[in-house]
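Protein sequences appear in the order of chains A and B.
For what it's worth, the numbering used here labels the leading residue of the first sequence as 1, then goes sequentially.
For what it's worth, the numbering used here labels the leading residue of the second sequence as 317, then goes sequentially.
Because the hints were derived from the structure by calculation, they are not lab data.
Since this is a predicted model, take the numbers as computed values, not measurements.
Built from N, CA and C at the ideal position, the CB exists for glycine as well.
Some hints here could point you the wrong way.
Here are a few chain B residues that sit away from chain A, every Cβ distance over 12 Å (derived from the structure) [what the hints assert, rightly or not]:
1. Ser-321
2. Gly-347
3. Glu-350
4. Ala-408
5. Ala-417
6. Arg-426
7. Ala-434
8. Met-483
9. Asp-491
10. Asp-552
11. Cys-569
12. Asp-590
13. Gly-610
14. Gly-622
Chain A is faced by these chain B residues, among others (derived, beta-carbon under 10 Å) [stated by the list, open to error]:
15. Gly-371
16. Leu-372
17. Gly-396
18. Leu-402
19. Ile-407
20. Met-409
21. Val-410
22. Pro-420
23. Thr-423
24. Phe-431
25. Pro-464
26. Leu-467
27. Leu-482
28. Gln-484
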Amino acid sequence: MLAYAIRRLGLSVLILIVVMTAMYGMVFLVPGDPASLALGPRATPELKEALRERMGLDQPILTQILYFFGNVLRGDLGIDVWSKRPVLEQILEVFPNTLILGVVALGWALVMGIVLGCAAVVWRDTWADRLLGVLSVSVISVPSFVVAIYALIVFAVWLNWLPAIGAGEAGDFWSQVRALILPALAVGIGWVGYLARLIRASMLEVMEAPHIRTARAFGMRERDIVFRHALRVAIVPTISILAVGFGSILSSAVFVESVFSRPGIGTLITGAVEKRNYPVVMGTVLFMTGFYLLVVTAADLLIARLDPRVRDVLRG
Amino acid sequence: MSVLSVEGLSVSYRVPGGRLQAVRDVSLSVGRGEVLGIMGESGCGKSTLAAAMIGLLPQGAEVAAGAIRLNGTDMLRLPGEEQRRLRGQRIAMVFQDPMTAFNPVLTIGRQLADFVGAHGGGKGAAEIAGMLERVGIPDPGRCLGRYPHELSGGMRQRVAIAAALLMQPDVLIADEPTTALDVTMEAQIIHLLRDLRTSFDGAIVVVTHHLGVIAELCDRVAVMYAGEVVEEAGVDALFHDPRHPYTRALLSCDPAVVMPGSGHLPTIGGRIPDLTALPAGCAFAARCGMAEAGCGAPVPRHRGAGRSVLCHRSAA
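Next up, chain B with everything else stripped away, as it sits in the complex (with noise of 0.2 Å):
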């Protein structure tokens, strides 16, 4: 059984001259043990999705339709009160950017001590510190007394994924955990969570535009575009037999693939449509080399085993 799932979630933003539909029609799932990825490009409802999955959508963001079960619980459903509840305690998150996450001010001790104490406390400094230590930060002791500033981004990452980890969530939500790291950085920041993924018995959803995260992280994968998630695939498959023609426009794109005597960096033409004014059939279509005079209609979704596809020309 799933811990947590999206059901036909839709949300848009309130902006001068229309509603920008920024979620559209998004259904994921995802169970215990399992690392779920969420990949696309920039300004595709990636992080707004994950916002709304922890329900910290930003003023403005409203939810049109759907559902966003943990547990079974609707928690769009619940009242503030119980939704802060579950935030930090049976769901938690790891933001991108690990310079301007903590509160300047505070140590890290008092930090967490705050964050563990929203919820009734009961972890003392060593069960924290023991925590520190799991996630490789030598001295946890001294850590605590820290300044945010006095660590490295690396080690404030750490600090993040330990705070998250500390109430032992039954979601761990990790929004672009390493874009902000230079790249020794993120290679040990990708280790860690895949160390996690033995020991940490909740669901992992990672949101990222980087495939190699996606490759070394992830079981199962869903590509974003335009707000709707457009192909849904387990990792091998997805890498290997890319369907969706937006999902392979993507994959020739990754640097890392790319032959280093080409001199050519291959990128998708066109740009992603105006999402105040989508038009009715698919999104894509203005940028897809397959795209024909009926790709205006409305698209169908197949479903095939153990993945998905929104596309006219592809099956799943």
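Only chain A is shown next, with the shape it has when bound in the complex (with noise of 0.2 Å):
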């Protein structure tokens, strides 16, 4: 297991270092010099030169690669052009606010999504079945900045329940949780169906298998069979979904939050891709990746730890 989850953190260096490189080739691929665009069309060349220098951009490309790795070992993610803040101290200023929001979405769409799932088990084939069948697809299908767009404008501006934007006032619990709402209900719903589709694919085939059979024949209810015996084989292959879904939850946060015009990673990176902030932009998407492969990771040692013969597998 150890040996396992040390391979796995390698892989994991491996692919930060590949998306390093071509985060840092981007730069260099987009027209236009960085420190011209930083410094807007009236700049003095004199004024690009020192800023050209102080980025490090006049030395030889691998060295500035080699520079930059330096830096984020030593968590240095560079200093935001603009406000001339370390980028690391604000991301870790806004990260939170992304993470309670894709970790709530998450959790109300898997909760959700285990109930719908297991319910159309159980009715299977029936109108209620095919009912939750068709909601699915639907809230998969409508992108969350459009479900943001219409969920602001009935709760926030004509019923007035919640409020329409921000993160809720700072030590204030409620107004936080108040604030939540309406994002983690736009970036959540369609995991909703999503989830709800995949458990109930996942659990008819376990409801197949002969060991399903053994518990009908030693006289254990349906509901006992389905939420302790089934869902547990049918949640391993979901896990990792989910895991992989935790990423482009955090994408569709972009989006949901400039709506909502929540501070979050998702304002500081499309308000950084529009100044072309680039060391923002690089500190912060390296930022999500590397905590986008800690999720990962964290899900397949998951996996082994609920699946028992993965867990063998892994000792052997």
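Taking the hints as your guide, dock the two standalone chains into a single complex.
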């Protein structure tokens, strides 16, 4: 298990190096020079040259990349060219907002997805199952920012139940919770449908397995068979999908945070892209990639915990 | 008095292009302390019959006629919830493949506890461990903490038998209990079932295509062909004096009785009839060496002392 964890971490580092190199290459591939873009059209050549020197852009590209790697290893993601603040500091300031949004969105989607997926199995081939199927496909198909805009108009503007913008007042827990509801609804609703379909399919396959027939032959209640025996088997493939899904949840958070003007990684990165603030863009993407790899690795370790067969393969 | 009796049972499956008659007008009964064997080649309806006995017919199967009485009560007329309560408690089943019969992600102990718990509990870990010891499992306490894949096939089948006996059922149905095992394991499981005959006071029904299992274990044998019981007799009478042409053909095909030097393994020519379009008369006539013109008429059942034969040409 430990060897497996170390192997997985090594692989993650390799992926991070590839992403870092690709990110760095991107800065050189986009038209225009980062220094002149940062300083605007009216900057003097001397100013540009000074900034280029400060950003290390006068060095050969390989040196630049190694220098960049070295900084990242020391936990330095660079300096914001506009505000002159360290990028990491800005990321850590807003990251909790995005993390909470992602976790709450995925959390309620998972709970609803399991309940609706199991309900569809218990009521399979009835009108309720078909209705759930139609609803699931509908919510999967609607982009999260569309849900966000409608939710904002209905619940914040018309009904005035919940705040339309921001992340709530600092230190006021309920204000933060109220500000979280609509974004979490918008980010998570597609995943409710997706997870419900996924768990239904996975459960239907498991319900055909001989061990379910055994459980029936021993007189177990159908409800106990579904929730105590089948779900434990069916949830395993769902976990790896969830981890991958966390990445796409974070990217839909980019749109939803913009709609609700909610401070977070999404607003940070869109703002930085608009201003060609490359250190912030690179730092943020790198940070999110690292975080995402951590989640995927954690999910694989969790699968190994839940499925004793995987655990034994890893041990042996 | 018989514990389990099947009366005029017919089961059919809805298939594209009509109805597949898997079990046709089968009547059987088995009493306390008795072992009934149900024998026949693949597709003869014996597994459908076993599934019907425990009320676990697959989807698409339909009982067209008949009754299955457990201690006099027709289980087919009981509501689903009462059928469930009988399953595992009064009538239990051991399945063919011990590799897949248990839930892969739950420990043996947890599964056995769930099976017992389905009937209101009342049995502790000590009692479960005691039953495991009785079926010859060394170190039962350790076995309870293990996952199914950590046990050998033979061990798993022992656990399955222990599980079936835990609630002291009136009827134990063993569906091909040794087919998935290798030869040494098979011998051990046969010995175990034979030992149980002395300590278990319920009725045992063994479904198999294996003549050795029948000869070793059973008191009485019903031979099935194309969904019908073509001959029923005491085990000695059946092996020494088979009356039905199909039984004779089946016994002569047993690899165990073929002369080793002959270099020839006899088979029954032809194939089983299409169960969706059965002939009006004898279903075996097309493959039978004794068939004559009269065999196309509805077949009489001859009854003699302790035996019955479904044939135009043979007497009981």
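Against the structure, the hints:
{"no.": "1", "hint": "Ser-321", "in the structure": "holds (20 Å)"}
{"no.": "2", "hint": "Gly-347", "in the structure": "holds (22 Å)"}
{"no.": "3", "hint": "Glu-350", "in the structure": "holds (21 Å)"}
{"no.": "4", "hint": "Ala-408", "in the structure": "violated (7 Å)"}
{"no.": "5", "hint": "Ala-417", "in the structure": "violated (5 Å)"}
{"no.": "6", "hint": "Arg-426", "in the structure": "violated (9 Å)"}
{"no.": "7", "hint": "Ala-434", "in the structure": "violated (4 Å)"}
{"no.": "8", "hint": "Met-483", "in the structure": "violated (8 Å)"}
{"no.": "9", "hint": "Asp-491", "in the structure": "violated (10 Å)"}
{"no.": "10", "hint": "Asp-552", "in the structure": "holds (32 Å)"}
{"no.": "11", "hint": "Cys-569", "in the structure": "holds (29 Å)"}
{"no.": "12", "hint": "Asp-590", "in the structure": "holds (27 Å)"}
{"no.": "13", "hint": "Gly-610", "in the structure": "holds (43 Å)"}
{"no.": "14", "hint": "Gly-622", "in the structure": "holds (31 Å)"}
{"no.": "15", "hint": "Gly-371", "in the structure": "holds (9 Å)"}
{"no.": "16", "hint": "Leu-372", "in the structure": "holds (6 Å)"}
{"no.": "17", "hint": "Gly-396", "in the structure": "holds (9 Å)"}
{"no.": "18", "hint": "Leu-402", "in the structure": "holds (7 Å)"}
{"no.": "19", "hint": "Ile-407", "in the structure": "holds (9 Å)"}
{"no.": "20", "hint": "Met-409", "in the structure": "holds (4 Å)"}
{"no.": "21", "hint": "Val-410", "in the structure": "holds (9 Å)"}
{"no.": "22", "hint": "Pro-420", "in the structure": "holds (6 Å)"}
{"no.": "23", "hint": "Thr-423", "in the structure": "holds (8 Å)"}
{"no.": "24", "hint": "Phe-431", "in the structure": "holds (4 Å)"}
{"no.": "25", "hint": "Pro-464", "in the structure": "holds (8 Å)"}
{"no.": "26", "hint": "Leu-467", "in the structure": "violated (12 Å)"}
{"no.": "27", "hint": "Leu-482", "in the structure": "holds (9 Å)"}
{"no.": "28", "hint": "Gln-484", "in the structure": "violated (14 Å)"}
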